[in-house]
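Novice: Here is what each chain is made of, one letter per residue.
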Amino acid sequence: MTLTVSPPAPVQTPAGPPSRSRKAVPVRRALAYLLLTVLSVAVLVPFAWMVSSSLKLDADVFSVPIQWIPAEFHWENFSNIWERIPLLTYLRNSVFLSLTITALQVLTGSFAAYGFAKVRFPGRDALFLAYIATIAVPWQAYMVPQYIIMQKAGLVNTHLSLILLQAFSAFGVFLMRQYYLTIPDELCEAGRLDGLSEYGIWARIVLPLSKPALASLALLTFVNTWNDYMGPFIYLTDNKLWTIQLGLRSFVGLYDAEYAMIMTGSVLSVLPILVIFLLGQKYFVRGIATSGLK
Amino acid sequence: MAVTTLSAGTSRRRSSTWIGWSFILPNFLGFAALTLVPVIAALALSFLDWDSYSTPRWVGLDNFERMIHNDTFWTALKNTAYYAVGHVPLTLCAALGFAVLLNQKLRGARFFRTALFFPYITSLVAVAVVWNMLLSPDLGPVNQFLRAIGIDSPPGWTTSTTWAMPAVIVASVWRDLGYYMILYLAGLQTIPAELYEAAEVDGANGWQRFWSITVPSLRPTTFFVLIMLTISSFKVFDLIQVMTEGGPGRSTLVLSQVIYREGIVQGRFGYSSAVSMVLFVIVLTITLIQFQLQRRSER
Amino acid sequence: MKRHLIPSLAAAAALALLTACGGSSGASDQAAGGTQTIKVALWNYATTPEFKAIIDGFQTANPTIKVEPVDILADDYAEKVTTMLAGGDTTDVLTMKNVIDYSRFGTRGQLIPLTDEAKKLDAAKYPGLSSYDLEGKYFALPYRQDFWVLYYNKTLLKQAGVDESKLKNLTWEGYATLAKSLTKGDGGSKVYGAYQHTWRSIVQATSAAQTGGDLLSGDYGFFKDQYSMTLDLQKNGTLMPWATASSQKVTYNTMFSTGKAVLMPMGTWYASTLLADTKSGKTKVEWGMAPLPQRAADGQVTTFGSPTAFAVNKNSKNSDAAKKFVEWASSEAGAMAVAKAGVTPALNSQQILDTYFALPGVPNGDVAKQAFKPGKVVLEMPVSDKSSDVDQILTEEHELIMTGEKSLDDGLAEMSKRVKSEVR
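Chains as they are written, first to last, in our numbering: chain A, 1 to 294; chain B, 295 to 593; chain C, 594 to 1017.
Accuracy of the hints is not assured; some may be wrong.
Each computed DSS-like pair below joins lysine-lysine, with the alpha-carbon atoms no more than 30 Å apart [stated by the list, open to error]:
{"no.": "1", "chain 1": "C", "residue 1": "K659", "chain 2": "A", "residue 2": "K240"}
{"no.": "2", "chain 1": "C", "residue 1": "K747", "chain 2": "C", "residue 2": "K761"}
{"no.": "3", "chain 1": "C", "residue 1": "K962", "chain 2": "A", "residue 2": "K240"}
{"no.": "4", "chain 1": "A", "residue 1": "K152", "chain 2": "C", "residue 2": "K1010"}
{"no.": "5", "chain 1": "A", "residue 1": "K282", "chain 2": "A", "residue 2": "K211"}
{"no.": "6", "chain 1": "A", "residue 1": "K152", "chain 2": "C", "residue 2": "K690"}
{"no.": "7", "chain 1": "C", "residue 1": "K875", "chain 2": "C", "residue 2": "K659"}
{"no.": "8", "chain 1": "C", "residue 1": "K759", "chain 2": "C", "residue 2": "K910"}
{"no.": "9", "chain 1": "A", "residue 1": "K240", "chain 2": "C", "residue 2": "K910"}
{"no.": "10", "chain 1": "C", "residue 1": "K969", "chain 2": "C", "residue 2": "K1013"}
{"no.": "11", "chain 1": "C", "residue 1": "K659", "chain 2": "C", "residue 2": "K910"}
{"no.": "12", "chain 1": "C", "residue 1": "K907", "chain 2": "B", "residue 2": "K372"}
{"no.": "13", "chain 1": "A", "residue 1": "K240", "chain 2": "C", "residue 2": "K907"}
{"no.": "14", "chain 1": "C", "residue 1": "K910", "chain 2": "A", "residue 2": "K152"}
{"no.": "15", "chain 1": "C", "residue 1": "K747", "chain 2": "C", "residue 2": "K962"}
{"no.": "16", "chain 1": "B", "residue 1": "K372", "chain 2": "C", "residue 2": "K1013"}
{"no.": "17", "chain 1": "C", "residue 1": "K718", "chain 2": "C", "residue 2": "K969"}
{"no.": "18", "chain 1": "C", "residue 1": "K962", "chain 2": "C", "residue 2": "K979"}
{"no.": "19", "chain 1": "C", "residue 1": "K713", "chain 2": "C", "residue 2": "K907"}
{"no.": "20", "chain 1": "C", "residue 1": "K713", "chain 2": "B", "residue 2": "K372"}
{"no.": "21", "chain 1": "C", "residue 1": "K730", "chain 2": "C", "residue 2": "K751"}
{"no.": "22", "chain 1": "C", "residue 1": "K842", "chain 2": "B", "residue 2": "K372"}
{"no.": "23", "chain 1": "C", "residue 1": "K917", "chain 2": "C", "residue 2": "K872"}
{"no.": "24", "chain 1": "C", "residue 1": "K712", "chain 2": "C", "residue 2": "K933"}
{"no.": "25", "chain 1": "B", "residue 1": "K399", "chain 2": "A", "residue 2": "K211"}
{"no.": "26", "chain 1": "A", "residue 1": "K282", "chain 2": "B", "residue 2": "K372"}
{"no.": "27", "chain 1": "C", "residue 1": "K999", "chain 2": "C", "residue 2": "K773"}
{"no.": "28", "chain 1": "C", "residue 1": "K712", "chain 2": "C", "residue 2": "K690"}
{"no.": "29", "chain 1": "C", "residue 1": "K730", "chain 2": "C", "residue 2": "K910"}
{"no.": "30", "chain 1": "C", "residue 1": "K917", "chain 2": "B", "residue 2": "K372"}
{"no.": "31", "chain 1": "C", "residue 1": "K875", "chain 2": "C", "residue 2": "K645"}
{"no.": "32", "chain 1": "C", "residue 1": "K718", "chain 2": "A", "residue 2": "K240"}
{"no.": "33", "chain 1": "C", "residue 1": "K817", "chain 2": "C", "residue 2": "K659"}
{"no.": "34", "chain 1": "C", "residue 1": "K747", "chain 2": "A", "residue 2": "K152"}
{"no.": "35", "chain 1": "C", "residue 1": "K690", "chain 2": "C", "residue 2": "K917"}
{"no.": "36", "chain 1": "A", "residue 1": "K240", "chain 2": "C", "residue 2": "K730"}
{"no.": "37", "chain 1": "A", "residue 1": "K240", "chain 2": "C", "residue 2": "K645"}
{"no.": "38", "chain 1": "C", "residue 1": "K828", "chain 2": "C", "residue 2": "K817"}
{"no.": "39", "chain 1": "C", "residue 1": "K979", "chain 2": "C", "residue 2": "K759"}
{"no.": "40", "chain 1": "C", "residue 1": "K979", "chain 2": "C", "residue 2": "K1013"}
Worth flagging that the hints you see were computed from the coordinates, not collected in a lab.
Produce the complete structure using the sequences and hints provided.
Specialist: So this is what it looks like as structure tokens:
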């Protein structure tokens, strides 16, 4: 295990505290690794249970005591599920909704955040407080008035309803605004002196610098939308509009639940997120050129 | 952190108002129509009696009076505060700690980061089931381990009124730390490596670098994380609903559940809005305090 | 690279918005060629056979009316219907999943009165009809009536040398003794003599029905015997501890169909699940049904149950066709369709019973036939605007008693106190 002390100021190093004095590091490293491994295993336990359950028969999922390794591997669950419910349709809907909502949130959120962070105008802070204030109200409280507005607009039972509801959330604005506050004003000033409009500054200077925040916002929005149950449940009545989460819940019958199928579907539905996460990590972890102070 | 304006002319101010609004408008229009208006309507409902179908009836403070005398409301309020006090600091420390730990060029850091994010993306049903199973009083591994090290009557966890909330808090910290870790990781990217190198040259050790460079630079991120954590703790619903449904009895019942039950389930929308109003005021107050502290630390 | 980022994001978003507009907002009335379409709100269409049976049967009998199912997930059915109605939804027929939801929708004026149609039905043949009486008016007609029986594992019973006929006249004491003797083994291979699911009704509705107690009264001393028996059985290992069953989300289907329990009180709807599972090979258990155990062996069988009904939405634009549907489902023809799907219809006649028992797989010995002739079926929970509040309180206290967090006496006292003070 070689230890690395970060060399002076190459642009590509990940930002972060370099390791300590050379002699203590291998032990500390080893301990850190041990801790991380134990924690990661602990953290993966429910997922392990999910996978194991997805290969069982319903009746065996909740056997007492728990069987970690299924007695028989029912791989056919993974092929059956595509016929039991129109999983392809649901997948397509989930992908469509998640991508659209994520794109819109990132776009409008970062755009609005610039106004809140870098432009001064009267009432700005009060308005921003209003944004945060709405986050403070649980959705259960205003879900019916919201539904009535949607119903009057004739949008109930369409994908558009969910897109409109979730694309303009206060969360995205809040996150990006905080991030923009860390971007030095001098950079914006430099842009103005170069003759850029505010929009130009946003597009050419601020947006590229905020890739980690954009990536985080995109990831979290995607995951939240993908896993959202209540929104699609309330607004999507037609079966062909359903998302994966609705499809999975349909295995909970009136008085009993087909948990094996639910877990099979859950395993399948986690895979896209996993892929995105693994691929996208470099956007919010690998360092960007922060030494860009002209 | 104020934006410094070089010239303070009126025309500059007027045009910056225009510009500011033009940035905000796309998001604000959607937000106002679909979130702000329903929220205001919902809060206004607290002064009415409405069953979602017939015409609403003005009742003034009746809903609040009913709420004050309702034992379930106070229980839920207490539980929600208990949950928040446990959840917020634990999650924040864990998220920050892991973010700092995993921001380095460790081998396999990518794997660890993914692993820590897993709880957040795992199906909630699976999370609840597995945690309940792990904490099962007779056969669960946790209690078996406790018995093995000599504790004769280990806690009943989610089946005990005393231990249910701690169990829920642990499960929720476990679940959320990946989420907030991502936010901190993004925040850590704004800290230039040169600062750390300069400090190391000056002889500062890891701890000192952490406290004098990392923590202050992360202030906007911490502000964000703290507010989101606080708000989401007070609003908690899903995890508790799936893990314990507020039980056993009412020992893990939280305000959002009361709001949901009274409103959607029982049809007492006026009353449930009154409870929402209380939740809203509490959270807003805490947020404002945090806002003020942030402002003050910036000066 | 970055220059194209924003325009392409914006373009993608705009394109997505345009495509999203293409979701249908529900079928409009089709008057073409004289066919009407009515929409029926129901749940889990694919796995609840009686809906398809009723819809197919009705469409055959009424070729000019098409029925479109509005499939809503079972778990949150009431919440979704409440929200839909709040928004002025026009779904024509609404399935009333349970009587408590019905009383809420009915008293709020969201349903069309069906009193005339209800009076046409022979009340003697419809034990569940009176549950829908809201101060003289009816807003729904029952099509299905479930009640509680005792399921038993024929194989395990035989192995223990117990004859089926013993279950014909079982008292609760007899049940307790029998269950204890049938409990064998421990750990992973334990077979419980009986399994009582976590629902409060198993203890509370049973005692209310069999002692005549009133679940809304606020006085719950009449629960005592039933709780004592259950807690004793839990203590001596005959019943799986409530805490374990609840935290492990044990399903009664798993316990019974994998042979982990010999006796199980459960509703008649479970038979249709067993029939379907046996047919598909998911389970191999040989099962029987016996009357629910009683307080005394005097030949009288009192059990509890719940009807399920259809109602017509006040906002419906096809109320005549909708009313026809509701009436058909409750009629003899509808009851036949339901029985053939393995579900117990609301109409109680010999012909219906014969149809039901003729289904392949349904146990049709003496014991089962007796289970289907209960003397009295009491409603699981009385209908009133206080029902759901009381239900909530009783459930919470039930949890505390069954987990041992409160003693039985304390729990019963707390129930009384809370119901009397909190329910307005």
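Novice: Please go over all the hints and tell whether each is borne out by the structure.
Specialist: These are the hints, each one checked on the structure:
1. K659(C) - K240(A): Given that 30 Å is the threshold and the Cα spacing comes to 19 Å, the pair holds.
2. K747(C) - K761(C): holds (14 Å)
3. K962(C) - K240(A): Not satisfied, since the Cα-Cα distance of roughly 43 Å exceeds 30 Å.
4. K152(A) - K1010(C): Outside the cut-off at roughly 44 Å; violated.
5. K282(A) - K211(A): holds (10 Å)
6. K152(A) - K690(C): holds (27 Å)
7. K875(C) - K659(C): The hint is violated at about 34 Å.
8. K759(C) - K910(C): Measuring from Cα to Cα gives roughly 55 Å; hence the hint is violated.
9. K240(A) - K910(C): Between K240(A) and K910(C) the Cα gap is close to 24 Å, so the pair holds against 30 Å.
10. K969(C) - K1013(C): holds (29 Å)
11. K659(C) - K910(C): holds (14 Å)
12. K907(C) - K372(B): violated (42 Å)
13. K240(A) - K907(C): Status holds; Cα separation ~27 Å.
14. K910(C) - K152(A): Given that 30 Å is the threshold and the Cα spacing comes to 17 Å, the pair holds.
15. K747(C) - K962(C): Roughly 16 Å between the alpha carbons, so the hint for K747(C) and K962(C) holds.
16. K372(B) - K1013(C): holds (23 Å)
17. K718(C) - K969(C): Answer holds: K718(C) to K969(C) is near 13 Å, not above 30 Å.
18. K962(C) - K979(C): violated (36 Å)
19. K713(C) - K907(C): holds (21 Å)
20. K713(C) - K372(B): Not satisfied, since the Cα-Cα distance of roughly 54 Å exceeds 30 Å.
21. K730(C) - K751(C): At roughly 50 Å apart (the allowed maximum being 30 Å), K751(C) and K730(C) break the hint.
22. K842(C) - K372(B): holds (27 Å)
23. K917(C) - K872(C): violated (34 Å)
24. K712(C) - K933(C): holds (26 Å)
25. K399(B) - K211(A): holds (20 Å)
26. K282(A) - K372(B): Violated, because 42 Å separates the two Cα atoms, which is more than 30 Å.
27. K999(C) - K773(C): holds (25 Å)
28. K712(C) - K690(C): holds (22 Å)
29. K730(C) - K910(C): Distance ~22 Å between K730(C) and K910(C) Cα, so the pair holds.
30. K917(C) - K372(B): Roughly 52 Å between the alpha carbons, so the hint for K917(C) and K372(B) is violated.
31. K875(C) - K645(C): holds (22 Å)
32. K718(C) - K240(A): violated (40 Å)
33. K817(C) - K659(C): violated (52 Å)
34. K747(C) - K152(A): violated (57 Å)
35. K690(C) - K917(C): holds (19 Å)
36. K240(A) - K730(C): Violated, at roughly 38 Å.
37. K240(A) - K645(C): holds (18 Å)
38. K828(C) - K817(C): Measuring from Cα to Cα gives roughly 16 Å; hence the hint holds.
39. K979(C) - K759(C): violated (40 Å)
40. K979(C) - K1013(C): Since the Cα atoms of K979(C) and K1013(C) sit roughly 11 Å apart, the hinted pair holds (cutoff 30 Å).
Of the numbered hints stated above, those contradicted by the structure are hints 3, 4, 7, 8, 12, 18, 20, 21, 23, 26, 30, 32, 33, 34, 36 and 39, listed in ascending order.
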